[in-house]
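Participant: Add chains B, C and D to chain A, keeping to what the hints say.
The listed protein sequences derive, respectively, from chains A, B, C and D.
Heads up, the first sequence is in our numbering, so the first residue is 6 and it goes up one at a time.
Heads up, the second sequence is in our numbering, so the first residue is 64 and it goes up one at a time.
Heads up, the third sequence is in our numbering, so the first residue is 2 and it goes up one at a time.
Heads up, the fourth sequence is in our numbering, so the first residue is 3 and it goes up one at a time.
One or more hints might be untrue.
Stated by the list, open to error - Just some of the chain C residues that point at chain A, by a computed CB distance under 10 Å:
#1 L70
#2 I137
#3 P160
Stated by the list, open to error - One-sided excerpt, in silico: chain D residues whose CB lies under 7 Å from chain A:
#4 Q8
#5 T214
#6 L265
These are computed hints drawn from the structure, not numbers from a lab.
From a predicted model like this one, the values you see are computed outputs, not experimental measurements.
All C-beta atoms, glycine included, are put in the ideal place defined by N, C-alpha and C.
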Amino acid sequence: MRRSVLVTLLLTLCAGTASAENVATPIPIGIGVAQTSNVALLGEEEVVGAKIAEKYFNAHGGINGTPFKLVFQDTGGDEAGAINSFQNLINRDKVVGIVGPTLSQQAFSADPIANRAKVPVIGPSNTAKGVPQIGEYVGRVSAPVAIVAPNAVKQALKEHPGIKKVAVLYAQNDAFNTSESGTFQETVKKMGLQIATLQKFQTTDTDFTSQVTAVLGAHVDLAIVSGLSADGGNLVKQLRQLGYKGPIIGGNGLNTVNIFPVCGQYCDGILIAQAYSPSADPKNAINAAMADDYRAKYKKEPPQFTAQTFTAVQVFVEALKKVEAVTKKKITQQDLGKVREELNKQIRTGSYMTPLGKISLDQEGEIHQENFYVAKIKMDPNGKTGKYVYVK
Amino acid sequence: MKVLLDAERLCRNFGGLKAVNNVTFQVVEGEIFGLIGPNGAGKTTLFNLMTGLTPVSSGTLSYQGERLTGLPPHRIAEKGIGRTFQNIRLFKGLSALDNIKVAQHVRTSSGLWGGFFCTPSSRAEEKRVDEKAWELLKLIGLADRAGELAENFSYGDQRRLEIGRALALDPRVLLLDEPAAGMNSAEKRALTEFIRAIREQFKLTVLLIEHHVPLVMNLCDRIAVLNFGELIAVGNPAEVQKDPAVIEAYLGAE
Amino acid sequence: MTLAQFLQNLLNGISIGSVYAIFALGYTLVFSILGIINFAHGAVFTLGAYFTYTLAVGQFGINGLLSGLNLDLKVPFALSLLIGAILAGLVGVLLERLAFKPLRTRGADSLLALVSSLGVALVIVNAIQYLVGAEIYTFPSQVYGDIKPAMMFEVSGQPVVIRTVQVIIFAVCMVILSILGYLISFTRLGKALQAVAENPTTASLLGISVDKIILATFFMSGFLGGLAGTLVGTSFGIAGPYFGVTYGLKGLAVIVLGGLGSIPGAVMGGIVIGLAEAFVPPDYSAYKEAVAFAFLFIVLLVRPQGLLGRTHIQKV
Amino acid sequence: MDDFLQNNGFLIVTLVQQSLLAMSLYYPLMAGQLSLASPGFYALGGYVAAIIGTAEYFAPWRDSLGWVVFPLEWLAAGIISAVLALLVGIPALRLRGIYLALATIAFVEILRVICLNLEITGGAIGIFGVPQLFDSRWNYIWTFGPLLILMLFFSYRLDRSRVGRAFKAIREDELAADAMGINPTRYKVLAFVIGAVLAGVVGAMSAPFLNTWNARQGTFDASIAYLAYVLIGGSRSMWGPLLGGTLLAALPEILRPLKDSRLIINGLVLVFASIYMPQGIAGALGNIRSFTVRKLGFGGGEK
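Next comes chain A alone, as it looks inside the complex:
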């Protein structure tokens, strides 16, 4: 008796879930980023971007009148957490696509899961080489460093044509900064400049006096810093405090308002190549809308990860509209599996006008971004707040 009940239960369970089913209303889009662990520092910026996008696009009619909702699943800081989060989004929350994960290492682990399940993924912040190549369902809106970084060096040369000797400093224990610094070094050499000193540090470092004295001793005309906000900010601060007066280029890790509290007044003048600028293009309405919303709520300039996550959601929203246009049927009346497949195709067609400017994704899922920006940090007199001023 009891066994038969169990069997029936199991059967209904299987039958209920295994059969083909339609996309739910509102349309679920998954956000799998780090909301806990020490990666949450980055993940929190992404959550904010996603939430602004949800509000913005739903207020603008959602997907041709059908609202969508974001489903958040925490990836934590590790690979297993990322896989669990993705599997929950795919199987339990039945999302049409996923924005995430935060780290490239997590992407290498979790993206293949989505790829096999044929669920499109857009990475908001995976900049490592090889991420779009994980599979045909994997794309990203975060331009790889090799494309973004050189712009800052060009700008520095334009401002200070006399630059000859360069100091390169980078956080050696961080995947992103190691590869970014490689790009910087190549660029410097290509431009005929000399790397007078190459200094390494750790993201956990707090005292940089030995690196700074080495830089001062080498009498360089330019310092290039690849680090994350805490260590990079401290390094810049100590460079200035100890008397370095030349220009400083910061890597993408410094491209966040998080460094303002760290280096304070000493942040002033750092040149940063950006994939995103809140103020570069005043004609970009969607960027202005996003930035305004962010500023109204948080009283500061939106960071790049926020904009990139916003963009990733936007790509899904617009591609979903295209899916409806192509299939001539409401998304919510279509089979989930088919929508995912079609959505993946549509993501890779056409271009999007986003806070990042005009972008498109190629067949591999790699982003092609029209504009890159170079910004200079301008600190307010109080030394606490500041902004990224667009210079190119």
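Facilitator: Below, chains B, C and D without anything else, positioned relative to chain A:
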């Protein structure tokens, strides 16, 4: 009469303290050899030197002509010297049965592989171990409580179990450190008989440390007296009892 | 290595080493009394920094439950530092009551204390994130008043730099160490503490309330941890709820190097490891993280009781 | 049922994997040695598999061997772990109690920093695109599952064998065990090596399972997590690591609906479990059993 154990000028210093000083004696096969002396005379230290738990400072100890000094405790145990401890050191969290099985370690050889695959030889060995353990438990009268944890036994039972465990080594020499401590006189009488019986049954040579003088006098074939780490007398009970140095040591001490 | 570089490394090493020392003291005090390692110490360190920040600045960011809150208490920094450390000390007391005492009274396996203190650490770190998010908080640079951020002098033509923060940190650490040294060597509390560390049973026979001493120890431990957290926080910013974890781990190396439970040992261990890290050649800076642990490993193999620890003779 | 596995397959395999790692801590603990080295060997094993699976140098091997390369990876990881465990274990196991634990923590950290900096281990980003043994995550149960069963069987036999008794005797009283003819160093090292080999093999199985491998796989946090598994599960029973590993590894996933506060609750559970179940879950279950036995009048051990 064959000399089994030969201690020559054994010394052990702890810092400046000479816990055992120039002790020389011999133990003959088959005898029950008593070691007495006031508290702190160095009796337990001597046992520890003999079983390798404490390294000697100088001097040698040999067993059947083989040098024991410098060997680690398990090598000495392997040669056939078993012991009990003054403050019982059973494997408290193991059952009585397992306590005895453990001590058959050196007489068995099965390794990880044999244990895992239950090879015929290891199965046969395990059966022998089991049988012998039960036999010994019966001998010490604890067979009906074989599965209980050692820590749950009463003091006297723990002492008996510890002797049982030492016997499981198949020793030729048995070192008993105050086996009668904490026992009443009936138990002490029983213990005396028990020690005599196992000597016969297992062809043992027994060394024992004991405070209770009547028991020692009654049980031992020969007695050595230690005082302040030095050996002051060796001989049969009657001789030792009359020895002026011994009398002085005891009167001076107590 | 030039003389200037040598001096520079020496300065850096002593400064960071003194923080390690203060932090590690908190570990070692608890170990000397209870013989256990309090894995939540790194979290208390973090908490101390956040307490001080709340008092001295009190502006919260865009994440967590308290986002957007601006307390603006503007408590003077020196006072905030003190109160922050006291609050961290109280957390230490709470920690003892909740996570350690029930285990102790039960006579449970001391390893379980590791697990329960780990649980507490998990709670603290995630509660911080829940409340104020994972973002970086920093003290305004004028926190120590209007003083020059750094001083530079030249030794045979090369620059040597002293950051003001380094000097302040070192000074505060020395003051605290002297006070602690006085407390332990010359007061009744200190004597009682030593007695309990030596043998709790005897101490209680002497009429010392072991329970109170344990509480006092946890208070001091939390106080020192919280203080170290604030000092590091003012110098480099509070880099999220996890920023104490590295220190927590490194602190283990420090106390073992000095000898578990030894108070002068913890100070010396802190300075030695601070110096060792400072003197890692720049080319090998990638291995700097491993220096403390290499020390730990080697010391354990060569002299397990640590540099200033005592050997324990096991009685058979 | 397929759908259930789709949803939870990865999690279930993860639970098995974590239980196995807990077990790798259990063997040294059985011999009384608190070793937290498992994450180090786990990381090492994973690197061995990831390197064999991706490095150019091994390409001809992979082509000619096909799937056979996977068991070879496990074997290689096991052997390399064993060798390293011997090198580390022989000097380190002279230490007792918390000192050994600290030495093994140091070992894990040193290994982590080295892996972070070597070219062969992929530096900070690690190794990605590790070749897959199966398509679906759930199918990895066919590697981890049998290993778990094998290890449970191993534990069962060990518990009743000469070697297992030697382990337990050392745990109870190392000195007395020595005096009873057991060579403590030898068996301590043996227990350590068994744990290391297991962790190494689990690592080698995990690299394909996680698709990628990097230096964040073997960390101090993991050491403590495994210790929590064993202690909360019950360190004196072969079922302890399985119970603890399964329940504690599942906990953050079970608490997923709590979102932001899930790890706070997770921490509280650790505190309460260690306070209210000092003998672990297995111990608590055992107590219930022995209680009923006493009630029925079989026990005679009470004083």
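Participant: Of the hints stated earlier, which fail here?
Facilitator: Going through the list in order, the structure violates hint 1 alone and respects the others.
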